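Let the hints inform the model, and build the full structure from the sequences given.
Chains as they are written, first to last, in our numbering: chain A, 1 to 413; chain B, 1 to 413.
Think of the hints as simulated: they come from the structure by calculation, not from any bench. Only a predicted model underlies this, so the values are computations on that prediction, with no experimental measurement involved. Errors might be hidden in some of the hints.
Copies of the same chain are indistinguishable here, so a pair counts whether it falls within one copy or spans any two.
Unchecked claim - Below, a list of computed lysine-lysine pairs in the DSBU-like style, where the Cα atoms sit at most 30 Å apart:
1. K121 <-> K385
2. K186 <-> K370
3. K129 <-> K147
4. K393 <-> K147
5. K297 <-> K385
6. K299 <-> K393
7. K118 <-> K78
8. K297 <-> K393
9. K385 <-> K363
10. K370 <-> K319
11. K385 <-> K210
12. K227 <-> K320
13. K78 <-> K121
14. K186 <-> K210
15. K370 <-> K320
16. K227 <-> K26
17. K210 <-> K370
18. K393 <-> K350
There are 2 protein chains.
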Amino acid sequence: MRSVGVVVEYNPLHNGHAYHLQEARKITEADVVIAVMSGCFLQRGEPALLSKWERAKMALLAGVDVVVELPYAYSTQKAEVFAEGAIKVLSALGVDNINFGSEMGVIDPFYDLVSFMKMNKSSWDDQIKAEMDTGVSYPRAAMEAFKQLNQHESTLSLSQPNNILGYHYVKAISDLNVPMDASTTKRTVAQYHDISVTTQSIASATSIRKNLSQHEGLQSIHHVVPKTSYQILEEYVNDFGTYHTWELYFPYLQYEILRSTPAQLRSIYECEEGLEFRLIETIMQASTFQEWMTLLKTKRYTWTRLQRLATHILTNTTKKEMSEVTSNDLAYIRLLGMNETGQQYLNRVKKDLPCPLISRLAKAEGTMAKMDDRIAKIYSIPLVKNNQHSVLKRDYTMSPIMKKNNNKEDSRL
Amino acid sequence: MRSVGVVVEYNPLHNGHAYHLQEARKITEADVVIAVMSGCFLQRGEPALLSKWERAKMALLAGVDVVVELPYAYSTQKAEVFAEGAIKVLSALGVDNINFGSEMGVIDPFYDLVSFMKMNKSSWDDQIKAEMDTGVSYPRAAMEAFKQLNQHESTLSLSQPNNILGYHYVKAISDLNVPMDASTTKRTVAQYHDISVTTQSIASATSIRKNLSQHEGLQSIHHVVPKTSYQILEEYVNDFGTYHTWELYFPYLQYEILRSTPAQLRSIYECEEGLEFRLIETIMQASTFQEWMTLLKTKRYTWTRLQRLATHILTNTTKKEMSEVTSNDLAYIRLLGMNETGQQYLNRVKKDLPCPLISRLAKAEGTMAKMDDRIAKIYSIPLVKNNQHSVLKRDYTMSPIMKKNNNKEDSRL
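Below is the structure:
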C-alpha cells in the first residue's frame with residue numbers, strides 16, 4: 001500500500017484542507033493517507049478550538065485514513081522542532097511520502113534550498129548571530145541572514161509560513177536520513193494569515209477562527225468548511241458551551257505567574273534572557289490575554305514565540321522535561337482514529353514499528369506520557385461545569401475513533 | 001503607658017470580640033491596646049472573609065489603638081507556631097501583657113500546665129509518639145498523651161481551641177523568655193465551634209461566617225456585630241461583590257494540583273508522608289472545595305491541617321521558604337492602622353524596636369516581604385473584575401489607616 005503523510009492542525013478542518021487531502025492522494029497515488037495532528041496546543045502556542053477527538057473525526061470524515069497525535073513536545077515548538085517531530089512520527093509509521101501545501105506548488109526549490117543551506121551553514125550561522133546582536137528576533141535574523149546569503153540566487157521565499165514548514169520537513173528528512181519523498185500541493189486562494197472570510201469557498205483557518213471567536217457565529221463560516229466539520233463544530237459548542245480560546249485560560253495563567261518565583265518561571269521551557277521578570281512585571285497590568293501579549297511583546301521575540309512560552313507556563317513544561325522528551329526516541333505513537341483502510345495499513349506496518357502504537361494514554365508510561373496526560377487535563381479545565389469533572393479524565397481513557405467505510409457510524413475501538 | 005496585646009483574626013469582628021477588648025483593657029488597666037492580626041489567610045487555613053484593611057478598620061472602630069499584621073509565616077500555622085509568632089510581634093512592640101479569651105477565665109492553670117508539661121516533656125513526647133503510631137492525627141495524639149499523663153491532676157482542659165491557644169501563648173512567653181505577663185478573659189456564651197447564630201447578642205465567628213456564606217444575608221447577623229463592623233461588611237460586598245471564601249479559590253487550586261508534579265507538591269510546606277499522591281488522586285473527583293476536603297480527609301490529618309496545606313499550595317509556600325522565614329528573627333512589623341493613642345505609644349517604643357516598623361510593604365525587602373506580597377496578590381485574585389486589575393497591587397502600596405480620636409473620619413498616613 002502506497003502511503004502519504006500530512007502534518008495538520010485542523011483548527012478547524014476547512015475546504016482548503018479537504019482540497020489538500022484530495023490533491024495529496026492524487027499527486028502521490030497513495031492508497032492511504034496518514035495525518036499526524038497536533039493534540040491540545042498548536043504550533044503558534046494556542047489551544048486548539050476543539051479537542052483532538054473532534055478534530056480527528058473531522059479528518060476521518062474528510063478522507064484521512066489514519067490520524068495519530070503529534071505529542072506536545074513537538075506540537076508547540078518552532079518550525080524546526082515541530083517538523084522534526086512530525087517526520088519522526090510519519091517515518092516510524094513507514095510513510096513513503098510527505099505532502100505539504102506551498103505557495104508555488106513545486107518541490108524542487110525545497111530540496112535545492114536545503115542543499116544550499118547545508119553547504120553554507122557556517123556563513124549562515126555567523127550572519128544570524130550578527131543580525132541577532134542588533135536585538136531582533138531569531139526568525140527575523142534568520143530571514144535577514146538568508147537574504148544576505150541568497151542575494152544572487154533565485155530560490156524559495158521563506159517569508160511564507162507554509163514555505164518555512166515545508167523547508168523544515170525536507171530538511172528533517174535529510175537530517176534524520178529517513179527514506180521518505182516529499183511532494184507539495186499548490187495552495188489555493190487563501191493565504192495563511194488572511195483574516196477575513198470572503199464569499200469564496202476557501203478561507204484561511206485564521207479567518208475562520210476569528211469569525212468563530214467574535215461570535216459572528218458558525219453561520220458565517222458555513223460555506224468554507226465541509227458539512228461534516230460544520231456539524232462537529234456545532235455539536236461541540238452545544239455539548240460544552242465553548243470553543244477553547246486563550247482568554248478562557250488567562251485567569252489560570254495570571255494566577256500562575258503571580259504565584260511563581262522568578263526561578264520557577266526560569267525553569268519553564270523557552271523562558272530565556274530574563275523574560276521571567278518581564279512576565280511578572282506585565283501580568284498585573286492586563287485584563288485579557290490579548291492585552292497582556294501586547295504589553296509583553298518586544299522586538300526581540302515574535303508574538304508566536306511568546307504565545308508558546310505562555311502555553312509552556314500554563315502547562316508547567318520545564319526545560320528539563322522538554323529536553324528529556326525530545327532528546328530521546330519517540331516513546332510511543334498515539335492513535336486517535338482510523339477507518340478500515342487505515343486499519344489494514346496499520347496491521348501491515350505494525351510489526352516494524354520502532355515504538356508502541358497506543359490506543360489509550362492509560363497504556364503509556366514515562367515522561368512523554370506524563371506530559372501529554374497533564375496537558376490534556378489542563379486543556380480540559382474550561383470544560384468543567386455543572387459538576388462534570390469527569391471531563392478531566394476524558395483524554396486519558398479515550399479510545400481511538402473507528403470509522404467504518406460503508407456507513408457513517410463511527411465507534412470506539 | 002501600660003499596654004495590653006491581643007491576638008486576633010476578626011473574621012469578622014463581632015460583639016464577643018468587642019467585649020473581650022473592653023475586658024482586656026479593664027483587667028490589665030492598660031492605656032493602649034495592641035492587636036496583632038492575621039493578614040490574608042487564617043490559622044485554620046482559610047482566606048479571611050474581608051481584606052486585612054477592612055478588618056483593621058473594624059478593630060480601630062471597636063477600640064484597638066494599634067493594629068499590626070501577623071505575617072503569613074505565622075498566621076497559617078498550628079497553634080504552637082501561630083502563638084510563637086504572635087508573641088514575637090507583641091514582645092517586639094514592648095507589650096507588657098497579653099490577654100486572651102478562655103473558658104474558665106483564670107490564668108493560673110495556664111502557667112501551671114506550662115510548668116507541668118515542661119517537667120514531663122520527655123514522657124509526653126514518648127506518649128505522643130506511641131499514640132501517633134496507631135495512625136491518629138498529631139492533635140489527637142497530643143490530647144490522648146495529655147490525658148494519660150494528666151490523669152491524676154485536675155488541670156486545664158486542652159479540648160477547647162481557645163485553651164490550646166492560651167496554653168501556647170504562655171508557653172511561648174516562657175520559651176522565648178520575654179518579659180510579658182499573661183491574663184485571660186472568660187468567654188461568654190458562644191463557643192468557638194458554635195454554628196448557629198441565636199437571638200443573643202454574642203455569636204461565634206464560625207456561625208456568623210456560615211450565615212454570611214449561605215446568603216442568609218448580612219441582616220441575619222445584625223444583632224451580633226458592632227454597627228461599625230456591619231457597615232464595613234456591607235460596604236465590602238457592595239464594592240467587591242463578594243467575601244473571600246475557599247470556593248472562590250478552588251478553581252485555581254484544582255488547576256495548580258493538576259499542573260504540578262508530585263515532586264513540586266512535595267516541596268510545599270506541610271506536604272508530608274506521600275500526601276502529594278492523595279492530593280492528585282482526589283482533586284479530579286471534586287467540584288467544590290468542601291467536596292474535595294471530604295475526599296481528602298483521613299484519620300491521620302485534621303481538617304484544619306489539610307486546609308492549611310491547601311492554602312500553602314494555593315500560595316506556593318515551600319518548606320524551604322517557610323523554614324527560612326521562621327528560623328530567622330522577625331524581618332519587620334507591618335503597621336495596618338492606629339489611632340492617636342496608638343501613635344503616641346509607637347513613638348515611645350520606636351527607638352527600641354528590634355526590627356523595622358513598616359508602613360508599606362513596598363518598603364520591605366527579603367523573603368518574608370516577598371512571601372507576604374505574593375500571598376496578598378493571590379488573595380486579591382477573586383476581586384479582579386471589570387478590568388480593575390489594580391486591585392492586585394492594593395496591598396503592596398496601601399498605607400496604614402490613621403484614625404483620629406475626635407472624629408470618625410479616618411485617613412491614610
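Each hint tested on the structure:
1. K121 <-> K385: neither (53 Å within a copy, 52 Å between copies)
2. K186 <-> K370: So K186 and K370 fail the 30 Å test inside a copy (39 Å) and across (56 Å) alike.
3. K129 <-> K147: Within one copy only: 14 Å inside, 74 Å across.
4. K393 <-> K147: Neither, since 49 Å and 47 Å both go past 30 Å.
5. K297 <-> K385: between (33 Å within a copy, 24 Å between copies)
6. K299 <-> K393: Close across copies (28 Å), not inside one copy (40 Å); limit 30 Å.
7. K118 <-> K78: Within one copy only: 19 Å inside a chain, 65 Å across chains, cut-off 30 Å.
8. K297 <-> K393: Between copies only: 22 Å across chains, 35 Å inside a chain, cut-off 30 Å.
9. K385 <-> K363: within (28 Å within a copy, 43 Å between copies)
10. K370 <-> K319: both (15 Å within a copy, 25 Å between copies)
11. K385 <-> K210: both (25 Å within a copy, 25 Å between copies)
12. K227 <-> K320: neither (43 Å within a copy, 57 Å between copies)
13. K78 <-> K121: within (19 Å within a copy, 63 Å between copies)
14. K186 <-> K210: within (24 Å within a copy, 66 Å between copies)
15. K370 <-> K320: Classified as both; 14 Å inside a copy, 26 Å across copies.
16. K227 <-> K26: within (22 Å within a copy, 81 Å between copies)
17. K210 <-> K370: neither (32 Å within a copy, 40 Å between copies)
18. K393 <-> K350: within (28 Å within a copy, 58 Å between copies)
Violated hints for the displayed structure, listed by number in ascending order: 1, 2, 4, 12, 17.
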